[in-house]
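Undergrad: Chains as they are written, first to last, in our numbering: chain A, 48 to 728; chain B, 216 to 387; chain C, 7 to 529; chain D, 28 to 532; chain E, -17 to 82.
Simulated from the structure, these hints should not be mistaken for lab results.
Glycine included, every Cβ here is placed at the ideal spot set by N, Cα and C.
There may be inaccurate statements among the hints.
If the Cβ cut is set under 7 Å, some of the chain C residues that face chain B in the computed set are [unchecked claim]: (1) S50; (2) L51; (3) M101; (4) E139; (5) F146; (6) V161; (7) I169; (8) S173; (9) G179; (10) V235.
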Amino acid sequence: MNPMLNLWLIPVMPLAGAAINGFLGKRSSRQAVTAVALLFSGAAFAMALLVAARFSSLSLPYQEFFAHWIRSGTFTADFAFYLDQLSLVMLLVVTGVGFLIHIYAVGYMWDDPSYYRFFSYLNLFMFFMLTLVLAGNYLVMFIGWEGVGLASYLLIGFWFTKDSAASAGKKAFIVNRIGDFGFLIALFLLIKHFGSLNFQQVFGAVIPLPAETAGAGLLTAIGILLMVGACGKSAQIPLYVWLPDAMEGPTPVSALIHAATMVTAGVYMVSRSHVIFERAPVALTVVAIIGTLTAFFAATIGIVQTDIKRVLAYSTVSQLGYMFMACGVGAFSAGIFHLMTHAFFKGLLFLAAGSVIHAVGGEQDMRKMGGLRAKIPWTFWTMTAGTLAIAGIPGLAGFFSKDEILWRAYQASWAYWLLGLVTAFITSFYMFRLWFLTFFREYRGEAEAGHDHGSHSGRDSHGAHGHSGIHESPKVMVIPLVILAVLSVLGGYVGVPGSLGGNNRFDKFLGPVFHGSTLVDAQHTAIGEKGAPEQETEGSEPKTKTAASTELMFTAISVLAALLGFALAWLLYFRSPELPDKIAASLSGGYQTLLHKYYIDELYGALFVKPLIDGSTRILWQGVDRKIIDATVNDAGDGLRHVSDEARHMQSGNIRSYAGWIAAGSAAVIAFMIWMWTGPR
Amino acid sequence: MSFHLILFLIFGAVCVGGAINLLAQRHPINSALSLIAVMAALAGDYLLLGAEFVAAVQLIVYAGAIMVLFVFVIMLLNAGVEEETKGSRVAILVGVPGMLIGGVLVAWVVLLRSGTEAVPIGALPGHPIDIAQLLFHDFLLPFEVTSILILIAIMGAVVLASKPESAAGKVE
Amino acid sequence: MIANAMIADASFATTTITHFIPAYSQTLPQLADYVRILPEIVLSLFGMIVMALEPLVDEEKNPRVLGSIALIGTLAALCATWFMAQSPGLAFWNMVQADGFSVFFHVLVIAIAAVVILSSYEYMAVQRIRAGEYYALILFGVVGVALMTSAIELVLIFIALEISSISSYVLAGFRRNEASSAESSLKYFLLGSFATAFFLYGVALMFGATGSTNIDRISRTLQGSPVPVLAFVAVAFMFVGLGFKVAAAPFHIWTPDVYEGAPAPIVGFMSTAPKAAAFAVLLRIVFVINVHAIFWVIWVAAALSMTLGNIGAMVQDNVKRLLAYSSIAHAGYLLVAFAASPSLGTSAAMFYTASYAAMNLGAFAVVSHFANAGERYVTLEDYEGLGRSSPLLAATLTIFLLSLIGIPMTGGFFAKFYVFSAAVKANLIWLTIIGVLNSGVGAYYYLRIIVVMYMRQARKEVPVTPVGFAPRLAIALCLAATIYLGIFPGSVLQYAQDSAQQLVQQTPTENPPSSTVSIPATY
Amino acid sequence: MSTDNLSSIILTLVTFVPLAGGLLLMLLPRRDRDIRIFALVISLLTFVLSLHLPVYFHRAQTDFQYQIDKQWVSTPNIHYHMGIDGISMWLVVLTTFLTPLCVLISWTSIHERVKEFFILLLVLETALIGVFTSLDLFLFYFFWEATLIPMALLIGIFGHERKVYAAIKFFMYTMIGSVFMLAAILWLYAHTGSFDFVVIRDQIASGAVPRFPAAAQWLFLGFFLAFAVKVPLFPFHTWLPDAHVEAPTAGSVLLAGVLLKMGTYGLLRFNLGLFPVESRANAPWVMVLALIGIIYGALVAMVQPNMKKLIAYSSVSHLGFVVLGIFSFTQAGLNGAMFVMLAHGVSTGALFMLAGILHERRHTYEISEFGGLASPMPVYAASYLVIVLASVGLPLLNGFIGEFLVLSGAFQDRAVYGILGATGIIWSAIYLLWMYQRVFYGKVTHPVNNSLSDLLGFEKLAVWPCAAAALVMGVAPILWLGAVDPAVHAALTPFARLASRVVGR
Amino acid sequence: MVPLSYYLLLSGFLFACGVAGFLIKRNIITIFMSIELMLNGVNLSFVAFAAHWHALAGQIFVFFVMVVAAAESAVGLAIIIAVYRTRETLNVDQVNLLKL
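Next up, chain A with everything else stripped away, as it sits in the complex (with noise of 0.2 Å):
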């Protein structure tokens, strides 16, 4: 009765540019690389909205069967597709953020020598994102998941001579791959309980289940171990220190890959999973405590980092904090709404600082920037307009998801909140600690020396364009900031939250998927024992008059919050900007701390790879192996020789002892012949 939409066309069409691009694209003209990496994302973006156009029609959810992938037994995993609210506004944002980034990449990554393998990656990434969002079962959801883990690791170590980009992809996959190992123990328990990967025959079997209110329990594990796979994808503690590092990337990538898609694909699972994480509490606290943590913690290193990009890439931890704390307060619809706006506005920051990067010749370092707002107007305003979205300025998009992540956050528990607010805080003076530094006050960066050609070859490498001068990005770099300006403005408007008139279409939009399933109970208890003050189902309309003054004025505390950074960053940054170093200078303990992002890399080394390193090399390889194991073996076979070596004292060559040998011999099989007919008669 559907319609047949052969969902497969959306990922397989970026997969096609990939390979063309991979297998002939070193041969073939940058603009026949870039025709068809725009084509091929185009296309996917297209058929995306195709596929939006004719939602309405679809009975939901819409599921295509392709093939079977493995079948083991009982056990079948397919190649399927599924299809509901949740996956088309992931769809949306994935081809259409993703489309604007392949356009702003052409005009970013033209001089690169290997342009085409860039492309080729990049729709590679399209490919598994896609897949990812697009899954039927989590099988395949694994597919895109680890797809995209792997294109993340080519693009963060696109520029592969440089050792610092190479260490970052590989630790990249790495760390992914210790959430992978979770996720995958979650899928074991799976099958072994359910005995399918279908998500229709996963939750079906999962509805009918009681909430775990006593706590651990087979969901609660479930939850917790898909949680530690999100951690892993979407940068959380304790998994997120791949993240920072990843900026290693080219600017592009990390606008699309680890600001705007990938790293959302955690919460996008958590969210896809909530049937069981609705029924198993204790893991939902878990996801709340660890994305409240993440989101603040992160937002702390952000205010010291010097590096734009590491600034930026901080701000998106913490705002996944925010995503996952929605999550785990049972707000998904409010998760992946700010997941849409902070793809919008963070993607948006990135391809500006990209912009700025380029505008300044690959300078990183925002104390070598200042008083850029005159030199490049588009990216400045565009910037802005970014800033502001993210720092929560009321009526831009990243206002309306915030504001409606900590409203529910504060019905969870007000510690949340809290953090939450104070994290709202901190993020609005970072980012403008980050608008001030680089385009107001003087230029501090040596102007044209940015320039010395190939000297930061490896890093965005535009010294590689022939010209001087800090000078606006080409026109094919500024339109996608443009778009993205207008929908990090106007893209909250989805989803205005009643208590502000509006009537949370977005929420509503979402409904079917998320409510479609919930259970009262589960959200009283879910929600009772964070002892909220209000216990209420989420968006059920229409809230009480109370409930939306309450809303309004937590709505004014958190816009107070974003001013007072405003306001404290103008302080620091623009009005005496010689404070932060004295202030650094006096609690120089903590600032050397926040600086260091709390030794927890150097933590980690210490902890982990070191002993691991050290400890396989002399005790398992040097020791087990060859002293104990192959030691063993060669004394075996020394010893064999030695004896044999005294064996052939024996033959000594002297006559009368080979008599006495003879003689002793007889005697013994005498003696025994004699014992023997004595003994047994």
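Please arrange chains B, C, D and E on chain A, whose structure you already have, making use of the hints.
TA: Relative to chain A, chains B, C, D and E alone:
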């Protein structure tokens, strides 16, 4: 204490004495002579056992031919008194005890087996005709085969004792 | 009184005559009797011909003549064996028995002799050895060996044993310019006759225990329970003697020295033909004179021989010596078969002797060719790089060595296989495990030879003379036999089993293996 | 000839065509080029012939197919009994698939004693195929031992510096391991009067074998030891790194690709097939060994300075997965084990080829000798990456399917096994990617490496089929599992019975 | 009347002496004589048993043993000569080129 037994004891004593003397003597010639004594005494024992034929052969072939050959070789190689070299501890530490144990065991078995049933003198008629009967009829094949044995012995002796043509240097 | 005396005398004479005449059987040996020892007759005839011709033939001019005659002799003997096989039965008043068993060993030892003679051709030339006695001695030696396998009378066995022994004493000393050769000959002789004395004492005691020296009669006597202790001791003594001949531990120590000193082709001969014969005798004695106790002795001897042989070989650098040790180990494997039940064990042992003869002769043929004048090149380092300098020689030697290891597609594999399966069938689990472990470890030293041949560069110049026709033929024969036994063991094994069956049935006792029945379940 | 009577002799053909080729090769004159081409043709012919097997294979049917059963030796009753099921079939095809690639990869790297090399290679192929096709225990042992010699010679003659040590170590290890199997086989023959796998299996199942219960554990161990050495399972693995490092490329490829599988195949076919009860009983510690193998192998691999050693230890780790899967006694586990065997055969084989290609150019395997190779040889780097990802176990590549199934199987059997095993996916990522980074990323440290030539034609021909196979196996594992699944199900039925009996008690 | 066992003991003693001689004597010829002594011991028990069993075969056996002994001595002494020729010693302890 029959006359028979006395004779046996005499011959036996000679045997034992000769055997021990063979071991005790340091010069091969003496050993050879004591061995001859042993053989002669044995011939006496054979007579006691009524094996005249064997006794005769013993004296003629063994004591006569073989031992003469020995003495001849001793002379030829003018073997002197053997020097007391410490060649082999094994022979003394392993071999001799083994020999003793084996000997004792066998002796024990012998006593155990055939208590004291006596062998009468002339117990069996070692009549030449009977012997011939056996030798040339029942044991015809072995008898013939011995000829090959002897042939080989002769050939071997010739081969080994004759000077190797290409080893002239080695002899002197 | 004189008359009386005369009468008495006469009467004595008459009485004696009347008393004796009828007792004499005037029967002479029939044709069948001669047919049943025809191979021996043929061999000794040719031996004498060779001897007689030796002074007449000038060896400088035509060195091959005597060898060829000897070879013809062996071939004729093979044909004679065919006749012998046609008329099975006893001969010469229960002296020899022509049955499948003895025919099998006749064929085997005579074939061995043929191969040895072939491989001796150029060896003689290279070592400058006077040929006449050499070939004659081999032929006469084979007579003894062959007789051992068919004799069922201890006297004859003893004499045959002596014939083979004495001929090999002499042959061992044939490289008369070499002190080592003389020494090996001396050692072999002294220890050999020492052991023979033991065997003889055993025979004497057995005679004392049973009053007979004919194996069949002995076994029939021994059926009467209880078995006298003398028989036990006798068997022990005989085992010492025969154990010495087959180089079974602890009576093996002479082997390495003697083999090292003796001429290589002769070692090939010594390590196969007399051994096979001695095993044949042992088989008869173990399974026919059926004293169960010997089983354990054999068990221990087998385990010891395998282990000592392999361990001893491990660090040897002299190939001849190494192969000597390996022959000890192989004697051990063979004894495993003895420990097993007769019907199985016998056939397994027969097959083993055959395949062992094939591969060992081949190996020694190659070694003796490679050893060159004065046997200069017999250490492992001489073999370095042989795989390059003469690939064919190396390849054949490799195959023989693999067969000695017991790798599939070679006779050695099936030989070991049958032996061990017989052992397992008889529940000799532990002996089997010791055996297989040994054959695993034993692989090492054979591998060393292969390794130096193929995986090492030659460090010194070793002249490899081209292989003449005769030795090539010899090697080819051994190779063919090894491979054939490795791929189609069926026919030979079948024959072995049939004759073993005969042997078992000849023994008056029903199922002598009662040895394995009467003893606990698993060893 | 119609397919039917081809089917009746196909196994014999597939098994002995390489041998025949080898024998013919002996007669050929020493013109290296002709010899190479001839060997290639023979191996390709074998491959084509072997394709007959999956094509005409009846997937539904669980018992052995293409059977041929002739008396070879009357006493003892040895049969020339061959036949394959879904399990052995793919291993045969794997062998025939890898051999031509081995010929190609040795095209230039072997330039002296070429003739001997290819003869040995072809003989080895026959022996390997024979191991997988023979259903008569004797025949099996026959081929099993027969693999030893050519492999040892390949290592010993054509290997690198410490080749002799490696060859002897390899030989002695496997020799001593397999004699115990021989003893066990002999016992079985002595008490069943047959070497036929099917007969013996049924007799044991019906409890018709005297004294069996007493001996079963020992028999199990006898077989197990032989196979464990070959796999190699944890404490018996130290011959592997040496053998690999010293072996010529083709040798390593067949060693890792097929020889190791002989061990796991043996475990699957004989230990499980003949001694289900004992297998159950011994499963716990065997699985522990397997887990140790997985983790230990990975950790040791991680710190290897030598590329080939690293790959060798990674094989230890991967084969650990196989054993884990086999002794989980679950459908998924066994399917997975089977698939890991195939996948590992392809991907690790390819890894060794790639390592060999590098050795061709620089005559060293030391990772520190390289670095930044991605710039001078991009195609090589790309191919290498694909293979690395395959053995890291990336979905849509062959490594993932097997590991996933194995782990889920192990998890179903006992959760902790699954969890510990699953850490393997982390380790593999660590050691392989780290190695890849050190070899290919960063700047070119040794100037020599700048001038390295990228993949040559015949090298592409050797490597790319593996990459393609890795992809196909990853996307459409169903093609393989389709045949494996029923066979595995059949192999597991006794255990089902076992379980029911246990429940019954 | 002499008990059979006496004869047997005597023969056993001679045999043992022969063994002992082989073990302790250094001169090759003497050692060879010891072997002859052993044979004599055997012969005695043969004859004794023959008497005991009333079986002439034993005597025949002795006869053959003597023949063999003769042959052996011929060859043996030849070998001894050969050894003496190459080594110029009759001390058995010094005839040990071949060892280990």
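Undergrad: Are the hints correct? Go through all of them and say.
TA: Consistency of the hints with the structure:
At a threshold of 7 Å, the smallest CB-CB gap from S50(C) to chain B is about 6 Å, leaving the interface hint in force. Because the beta carbon of L51(C) sits about 11 Å from the nearest beta carbon in chain B, more than 7 Å, this interface hint is broken. Interface restraint check for M101(C): the shortest CB-CB distance to chain B comes to about 4 Å, inside 7 Å, so the restraint holds. Satisfaction of the interface hint for E139(C) is found here, the shortest Cβ-Cβ separation to chain B being roughly 5 Å, below the 7 Å cut-off.
Taking 7 Å as the C-beta cut-off, the interface hint given for F146(C) holds, the closest approach to chain B being about 5 Å. Taken as an interface hint, V161(C) checks out: its beta carbon lies about 5 Å from the nearest beta carbon of chain B, inside 7 Å. Interface hint at I169(C): satisfied, since its Cβ lies 5 Å from the closest Cβ of chain B, which is below the 7 Å cut-off. Hint on S173(C) holds. Least Cβ distance to chain B is approximately 5 Å, under the 7 Å limit.
The beta carbon of G179(C) comes within 6 Å of a beta carbon in chain B, closer than 7 Å, and the hint placing it at the interface holds. The interface hint given for V235(C) holds, since its Cβ lies 5 Å from the closest Cβ of chain B, which is under the 7 Å cut-off.
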